[in-house]
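Novice: Respectively, the protein sequence lines represent chains X and D. Everything in the first sequence is counted per numbering that gives the first Met the number 0, starting at 0 for the first residue and increasing by one. Everything in the second sequence is counted per numbering that gives the first Met the number 0, starting at 0 for the first residue and increasing by one.
If you are wondering where the hints come from, they were derived from the structure by calculation, not from laboratory data. In this text the structure is predicted, and so the values were computed from the model without any measurement. There could be a bad hint or two in this list.
[What the hints assert, rightly or not] From the structure, some residues in chain X lie toward chain D, with a derived Cβ separation under 10 Å:
id: 1; residue: Val26
id: 2; residue: Asn27
id: 3; residue: Val33
id: 4; residue: Gly41
id: 5; residue: Leu42
id: 6; residue: Phe49
id: 7; residue: Ala53
id: 8; residue: Val54
id: 9; residue: Gln55
id: 10; residue: Leu57
id: 11; residue: Val58
id: 12; residue: Ile71
id: 13; residue: Leu73
id: 14; residue: Thr125
id: 15; residue: Gly158
Glycine residues also receive a C-beta, built at the ideal position from the N, C-alpha and C atoms.
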Amino acid sequence: MENALFYFFSGAMLFFGLMTITSRNPVNSAMFLVLVFFFMAGLFVLLHAFFLAAVQVLVYAGAIMVLFLFVIMLLNAADEEKRRRHWLGVIASAVVVGLLVFEFGFVLWSGNLDTVLPSLDAVGQTEAVGRLLFSSYLLPFEIVSVLLLAAMIGVIILGGKEKKA
Amino acid sequence: MTDLGSFLSANPWAVALLKIAVVIGCMLGVIAYTVLAERRICAFIQDRLGPNRVGPFGLFQPIADGMKFLFKENVLPAHVNKLYYILAPTIAMIPALLAFAVIPFGSRLHGEPMVIADLNVGVLWVFSIASLGVYGIVLAGWASNSKYPFLGGIRSSAQMISYEIAMGMSVIGVFMLVGSLNLTRVVEYQSGLWLFFKQPLGFLIFMVAAFAETNRLPFDLPESEQELVSGYHTEYGSMKFALFFLAEYANLITASALMVTLFFGGWQAPFFDLSRLSPCVAGVLHIICFAFKMLIFMLLFIWTRWMLPRFRYDQLMDLGWKVFVPLALLNILITGLVIAFQT
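Looking at chain X on its own, in the form it has when it is part of the complex (with noise of 0.2 Å):
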């Protein structure tokens, strides 16, 4: 059973994503990716990780896919007729998949794969999160809350009204 949905999740997350790619109206690809973001939350489920589940959900579905879309709609963004491919773009991303696969096919060919998934225990899947957040990722935690901190004062002083000097 867990098997069959481990497949169905990851096959509909695949397909999915190549709709979002591939698909020419914006407002398409956003709902593609909502869906896409539906099934990861699935497999966070078969893991027993309802909590990182629940926040797959709130904050990428709920929250910045509406804000996505919001902005398609805003800037009513037509369907993407010309297709403009520089070279630029096509080997940064190139270099970025090249990479990817290089780590994934180094996790999986190193066999470590026992040691790097966690025991997680059904029951106490939000304390579990927050006491790693808090002791073994505090650095990096805070590191991440203060490029955030960045982020919203740059967004504060580009977004704010210029003052007539």
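With chain X held as given, fit chain D onto it using these hints.
Specialist: This is chain D only, laid out in the frame that chain X set:
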């Protein structure tokens, strides 16, 4: 009866299906009569009588309305994006019904907990599902391909995202005290004193945010008849319009249920410890108690709608970001300080 009992105890999925069927059935029934209650109460406030022709006191009005919606011609305007136009009402309705799944509406009947899914991330589930409701409105506004619905959709997405933040932060105080996100745990924690008395500020913020999230007056900017005709559902008719309508009332019910669960003791009766009675009687009384409290909040929603004028859009945004978000942060700070000094 014993056959049914043994069948149910042997098949947990049958119990779950039964609970889902009963809850959805009850919800749809309550929605229908909330609409009637709204129309009657509105009429009384405006010194009219309201719909009182169908059946005694107009009690069969929802049936007549339902029949009308079902048999009306299904108009599909020529200028719409067909797929999203048809999908949007469904997308609005599904989250509205799903969000109720984790709310405990009673203690136990025959040892069976009266909640469909007792998730340990309870309230996060409600928030994440409720946050999807906005897609229905946004897509309806966009797919209608016409000005007023579009403006309604844009307004609604901005409004719902803004108030979601205040709403999410207002309940953090509750969970700091309870120490769990599980709603059953939250109800058990309130067996002594209701959380409203410990988190009055949190409740205030939550209630106002709930008004904004359900698009009810004084925050019904996405609809605002005077400027936008009727906002995102201007281009909709027959059953598709009815689905938006039902979704709004389903959201109202869920918001009321959530307020009862988080701040007003859930299914517990005030002053009396009903669990001293025989388990069967107590189980039924707990459900009645929950329903009664929910009813009070639903009446509050309806009453407010006909009492207050609508906010201006910039006032709405100012209130959300500059008042409620800082207040919610303050609430978290105070709660944290109190917990720190107590231990």
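Novice: Are the hints correct? Go through all of them and say.
Specialist: Evaluated hints:
{"no.": "1", "hint": "Val26", "in the structure": "holds (7 Å)"}
{"no.": "2", "hint": "Asn27", "in the structure": "holds (9 Å)"}
{"no.": "3", "hint": "Val33", "in the structure": "holds (7 Å)"}
{"no.": "4", "hint": "Gly41", "in the structure": "violated (13 Å)"}
{"no.": "5", "hint": "Leu42", "in the structure": "violated (16 Å)"}
{"no.": "6", "hint": "Phe49", "in the structure": "holds (5 Å)"}
{"no.": "7", "hint": "Ala53", "in the structure": "holds (4 Å)"}
{"no.": "8", "hint": "Val54", "in the structure": "holds (7 Å)"}
{"no.": "9", "hint": "Gln55", "in the structure": "holds (8 Å)"}
{"no.": "10", "hint": "Leu57", "in the structure": "holds (4 Å)"}
{"no.": "11", "hint": "Val58", "in the structure": "holds (8 Å)"}
{"no.": "12", "hint": "Ile71", "in the structure": "holds (9 Å)"}
{"no.": "13", "hint": "Leu73", "in the structure": "holds (7 Å)"}
{"no.": "14", "hint": "Thr125", "in the structure": "holds (6 Å)"}
{"no.": "15", "hint": "Gly158", "in the structure": "violated (13 Å)"}
In the structure shown, a violation is registered for the earlier hints numbered 4, 5, 15, in ascending order.
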